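Protein sequence lines correspond, in order, to chains C and W.
If you use this note's numbering, the first sequence closes out at 114, no skipped numbers anywhere.
If you use this note's numbering, the second sequence closes out at 115, no skipped numbers anywhere.
Hints were generated in silico from the structure; no laboratory data involved.
Only a predicted model underlies this, so the values are computations on that prediction, with no experimental measurement involved.
Be aware that a few hints might be false.
Some but not every residue of chain W turned toward chain C, in silico, with C-beta under 8 Å [to be verified]:
id	residue
1	Pro8
2	Tyr10
3	Gly42
4	Asn51
5	Val52
6	Val54
7	Gly58
8	Val60
9	Pro61
10	Tyr64
11	Asn73
12	Ser87
13	Pro95
14	Gly97
15	Phe106
16	Gly107
The list that follows gives simulated cross-link-like pairs (lysine-lysine, BS3-like), each with its CA atoms no further than 25 Å apart [to be verified]:
id	chain 1	residue 1	chain 2	residue 2
17	C	Lys17	C	Lys3
18	C	Lys3	C	Lys101
19	W	Lys71	C	Lys57
20	C	Lys3	W	Lys57
21	W	Lys57	W	Lys69
22	W	Lys57	C	Lys101
23	W	Lys17	C	Lys101
24	C	Lys101	W	Lys69
25	W	Lys71	W	Lys57
C-beta atoms are modelled at their ideal positions from N, C-alpha and C, and glycine is treated no differently.
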Amino acid sequence: SQKIEQNSEALNIQEGKTATLTCNYTNYSPAYLQWYRQDPGRGPVFLLLIRENEKEKRKERLKVTFDTTLKQSLFHITASQPADSATYLCALAPYSGGYNKLIFGAGTRLAVHP
Amino acid sequence: EAQVTQNPRYLITVTGKKLTVTCSQNMNHEYMSWYRQDPGLGLRQIYYSMNVEVTDKGDVPEGYKVSRKEKRNFPLILESPSPNQTSLYFCASSPYGGNRDNEQFFGPGTRLTVL
Numbered sequence: 001s002q003k004i005e006q007n008s009e010a011l012n013i014q015e016g017k018t019a020t021l022t023c024n025y026t027n028y029s030p031a032y033l034q035w036y037r038q039d040p041g042r043g044p045v046f047l048l049l050i051r052e053n054e055k056e057k058r059k060e061r062l063k064v065t066f067d068t069t070l071k072q073s074l075f076h077i078t079a080s081q082p083a084d085s086a087t088y089l090c091a092l093a094p095y096s097g098g099y100n101k102l103i104f105g106a107g108t109r110l111a112v113h114p
Numbered sequence: 001e002a003q004v005t006q007n008p009r010y011l012i013t014v015t016g017k018k019l020t021v022t023c024s025q026n027m028n029h030e031y032m033s034w035y036r037q038d039p040g041l042g043l044r045q046i047y048y049s050m051n052v053e054v055t056d057k058g059d060v061p062e063g064y065k066v067s068r069k070e071k072r073n074f075p076l077i078l079e080s081p082s083p084n085q086t087s088l089y090f091c092a093s094s095p096y097g098g099n100r101d102n103e104q105f106f107g108p109g110t111r112l113t114v115l
């Protein structure tokens, strides 16, 4: 069956450390993968997109990697701050959906402690 | 301000009473979509629309209808709501669908409870 999985347990880290979140998928061939941030009671906010032929993407303190062999994306936040505390969602666009469908993981909650 | 708006934000209703959740975007986006979010299941796509008069089913379309008569509006219709449609609903829009960067802009959400 097709699955996209993120660690359901919250990730607790100390301020200033690097947070690494994982997104694994099975039985999908994604054209690209996206990461979103969601704060409680709010809609998700787009952060980064990485295509299947890209290994890494960066934006300020954020870095995303994409390994289509391992079927995995890693999302890193360097020099983390308490304001980075939120739930982070990964989403992929499978070729089979004509890139129009977006399949989301359930998200990982990140808590950055001072 | 560029945004996606949804109304109502909160709704409590009873089984079988038809309801409509409105969604509007002011960014001239071609692509719009509806999702529901349930604990442990993440966001699941209900319907999406590539442009005016073009709609298609997502992964969980049963019990829902949509229409896209104008580019800016994409209402979600529940003809006969049931308790299993109790959920948090999000509308989203994107400049384009298809093989392009498909960054989605989400609305604030509508929390629906069906008794």
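Hints violated by the structure (listed by number, smallest first): 1, 2, 4, 5, 6, 8, 9, 10, 11, 12, 13, 17, 19, 23
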